[in-house]
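Just so you know, the protein sequences line up as chains A and B, in that order.
The first sequence lines up with residues 0 to 183 when you count with numbering that gives the first Met the number 0.
The second sequence lines up with residues 0 to 186 when you count with numbering that gives the first Met the number 0.
None of these hints come from the bench; they were simulated from the model.
It cannot be assumed that every hint is accurate.
[To be verified] Derived DEER-like restraints, expressed as beta-carbon distance ranges:
1) B:Leu67 x A:Gly136: 54 to 64 angstroms
2) B:Lys145 x A:Pro181: 27 to 37 angstroms
3) A:Pro129 x B:Leu23: 49 to 59 angstroms
4) A:Glu158 x B:Pro138: 19 to 29 angstroms
5) A:Pro24 x B:Val26: 47 to 57 angstroms
6) B:Tyr101 x A:Glu112: 53 to 63 angstroms
7) B:Leu143 x A:Glu158: 24 to 34 angstroms
8) A:Glu112 x B:Glu142: 35 to 45 angstroms
9) A:Ala105 x B:Phe40: 40 to 50 angstroms
10) A:Leu106 x B:Leu23: 55 to 65 angstroms
11) B:Trp147 x A:Ala114: 45 to 55 angstroms
[Claimed, not checked] If you only want the chain A side, here are some residues facing chain B, beta carbon under 8 angstroms, derived:
12) Gly37
13) Glu41
14) Ser75
15) Glu77
16) Glu81
17) Val83
18) Glu158
19) Asp161
20) Met164
21) Ala166
Even glycine gets a Cβ: it sits at the ideal position worked out from N, Cα and C.
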Amino acid sequence: MKFATTFAGLMLAATAALAQQALVPAQSEIAFVSKQMGVPVEGRFKKFDAQVAFDPAKLATSKVAFTVDMGSASLSKEADAELVKPVWFNTPKFPQAKFQSTAIKALGGGKYEVAGKLDIKGNAQDVVVPVTLTQSGANTVATGAFTIKRLAFKIGENEWTDTSMVADDVQIKLKLALTGVPKL
Amino acid sequence: MPHPTDAPTRYTATAMALHWLLALALVGIFAVGLYMTSLPFSPARLKLYNWHKWAGVTILALSALRLLWRITHRAPALPAAVQAAMPRWQQIAHHGTHHLLYLLFFAVPLIGWAYSSAAGFPIVFLGLVPLPDFVPVNPDLAELIKPWHEISAYALAALVVLHVAAALKHHFIDRDGLLARMLPGRG
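From just these sequences and the hints, can you work out the full model?
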């Protein structure tokens with residue numbers, strides 16, 4: 000009896016430490032910047048979610064994941080209609096992009112490196128996302144940016160593989176507001 | 000022998016060079032503008048849109064130089080005989096067309112630049128030099144500005160046609176030597 004209640008108590012305590020970590024979508028943003036013949040053009044994804052189990056004291060067991068609704072891309076009225084097509088995101092076949100962390104490293108001062116797998120359009124690539132965490136009250140905001148090579152994900156096929164038209168490097172900018180993250 | 004302080008009877012070499020260079024540039028950029036908007040979403044269209052913007056900004060800068068030159072170097076006045084033979088309405092049209100042309104030389108590229116900025120596509124000259132956005136990125140503003148670039152470009156085209164027709168009329172019908180003032184060689 001005593002063991003059961005102690006065990007249950009310990010389990011509750013463990014889950015309480017990572018209690019309901021959730022994304023606050025209204026205060027979050029996932030944007031991307033692509034360069035077209037040198038012109039930086041910025042768009043954002045309007046629908047995305049994050050699944051976070053992050054404990055700064057237990058990085059080895061912490062996990063960060065986010066999923067992005069690729070059809071929610073917003074760049075310009077005309078571009079949005081093009082991005083869903085097979086040569087770009089091919090959203091009917093690949094409606095979501097996914098990131099799943101494999102390792103998190105602390106760099107000190109609220110800075111972390113989140114290594115993981117990014118899956119877009121059925122193509123997976125290893126990425127490292129540097130993030131900075133700032134906490135105020137119950138909120139933790141993770142901001143970071145990383146660069147992907149769009150051709151590695153087959154984004155922009157056929158005539159659009161020309162990187163002098165649209166650069167291979169695309170910058171992804173993240174601002175994820177989270178609740179329930181323990182104090183750093 | 001003409002005296003240096005006499006009123007000019009023909010345009011300076013600089014004015015002529017700017018006139019013919021910009022005439023060619025304007026015809027070219029108008030043609031590109033018409034053609035590029037007929038293309039489907041493609042790298043070819045992206046390339047032409049950017050070339051069109053670079054050409055537009057260049058034309059804007061050259062037009063500024065041209066205006067500066069014109070302000071500091073008096074254009075030849077209509078010869079007395081020609082003016083006497085010109086009905087009042089024609090004199091108004093003569094001056095009015097030139098003034099409107101100058102106005103549109105600036106309005107057309109500036110409106111185009113504003114539209115590009117508002118639509119979220121800043122201009123990067125030759126793909127290397129970012130130019131400032133003097134209007135904010137705003138899709139609603141972009142929609143508002145959009146038709147005016149085309150409208151003002153067509154207005155400029157119409158005035159160019161009128162200007163060319165009038166110049167040819169002076170040359171072939173009136174035979175008053177006005178066109179020769181803008182051509183290198185003997186006046």
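Quick rundown of the hints versus the structure:
no.	hint	in the structure
1	B:Leu67 x A:Gly136: 54 to 64 angstroms	59 angstroms, holds
2	B:Lys145 x A:Pro181: 27 to 37 angstroms	51 angstroms, violated
3	A:Pro129 x B:Leu23: 49 to 59 angstroms	52 angstroms, holds
4	A:Glu158 x B:Pro138: 19 to 29 angstroms	27 angstroms, holds
5	A:Pro24 x B:Val26: 47 to 57 angstroms	52 angstroms, holds
6	B:Tyr101 x A:Glu112: 53 to 63 angstroms	58 angstroms, holds
7	B:Leu143 x A:Glu158: 24 to 34 angstroms	32 angstroms, holds
8	A:Glu112 x B:Glu142: 35 to 45 angstroms	42 angstroms, holds
9	A:Ala105 x B:Phe40: 40 to 50 angstroms	45 angstroms, holds
10	A:Leu106 x B:Leu23: 55 to 65 angstroms	58 angstroms, holds
11	B:Trp147 x A:Ala114: 45 to 55 angstroms	50 angstroms, holds
12	Gly37	3 angstroms, holds
13	Glu41	7 angstroms, holds
14	Ser75	6 angstroms, holds
15	Glu77	7 angstroms, holds
16	Glu81	5 angstroms, holds
17	Val83	12 angstroms, violated
18	Glu158	5 angstroms, holds
19	Asp161	6 angstroms, holds
20	Met164	4 angstroms, holds
21	Ala166	10 angstroms, violated
When the structure is compared with the earlier hints, violations turn up for hints 2, 17 and 21 and for no others.
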